[in-house]
Amino acid sequence: MNIISKICGVAAMALSLLGGTAASAGTIDDIRSRGVLRIPAILNETPYFNKDPRTGEWQGFVIDMANDIAKTLDVKLEVVESSWANAILDVQSGKVDMAFAVTATPVRAMSVSFSEPTYYNSFVLVSAKEEIAGKTWKELNDPQYTFAVDLGSAQDLITQQYLPKANVLRFKTRDEAIVAVTTGKADALVNTMLNGLVIAKKAPTIGAVQVPTPVLSTPSVIALNYGGDETFKSFVSAWAEYNRRIGNNQTWILKSLETFDITLEDMPVGFGFGG
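According to mature numbering (1 follows the signal peptide of the UniProt record, and there is no 0), the stretch in the sequence shown is residues -25 to -1, 1 to 250, in order.
Rather than coming from a laboratory, the hints here were simulated on the basis of the structure. Quantities reported herein were computed from a predicted structural model and do not represent experimental measurements. Worth double-checking, as some hints may not be accurate.
What the hints assert, rightly or not - Straight-line alpha carbon distances no greater than 25 Å define the calculated BS3-like cross-link-like pairs of lysine-lysine that follow:
| # | residue 1 | residue 2 |
| --- | --- | --- |
| 1 | LYS113 | LYS177 |
| 2 | LYS208 | LYS70 |
| 3 | LYS104 | LYS26 |
| 4 | LYS160 | LYS147 |
| 5 | LYS26 | LYS208 |
Required output: the full structure, derived from the provided sequences and hints.
Okay, here's the thing in structure tokens:
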């Protein structure tokens, strides 16, 4: 019995040591061992993502940000084609290591953890109607106004909170919501500042970006798997905070907007990516 007990004791110690070794291999070590940092990307979502159909190369400010993190970790960037709806699921399942351009909400916080803000965005209206301009969210919360929004998006949540009395048309895609405004079915499109500026440039007939007051500024964060260790989460947050404060993130964003001839001068008074 003593011999058996000793054997069991040695086996238990070995398993304990193996378990300790496995636990000490952190998320950063896993990424470096794999040699790639994986992120989800969405087709035709400029200025965030854009895939060149001829070369297959991904571009956009999210790609620039992710490449910088990959360079810091001394690995390559691997882009996994996804959708806004599936990006959080990709992080949660471990299919990717992180997802950019995420609006932090309490519901999403139950599925993934969040980094410090990479930049700040604001919710706006895109409209050609003069009566929309200069109004507050409270004044717009009226049945006489009809707004278009893409279903399940962060801007959809904003309409539910700030425009519950208004008539809101919800569409499966943003393009459908845009068509609703350009054809007169809706008075304005509810979206974010970045998307609104690009939409107004690509489809001038939809109107201009309007910023209702109070300005609803929201942080854009990086979504991370809850299973990632604290060292990795701390690193990603430090990267986000550092590059936001010294202006690198704004530089990457503005670079991606150059294609649409959008500059800082096109930003409404008081708006800043740094928060």
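Hint check, failures only: 1, 3, 5
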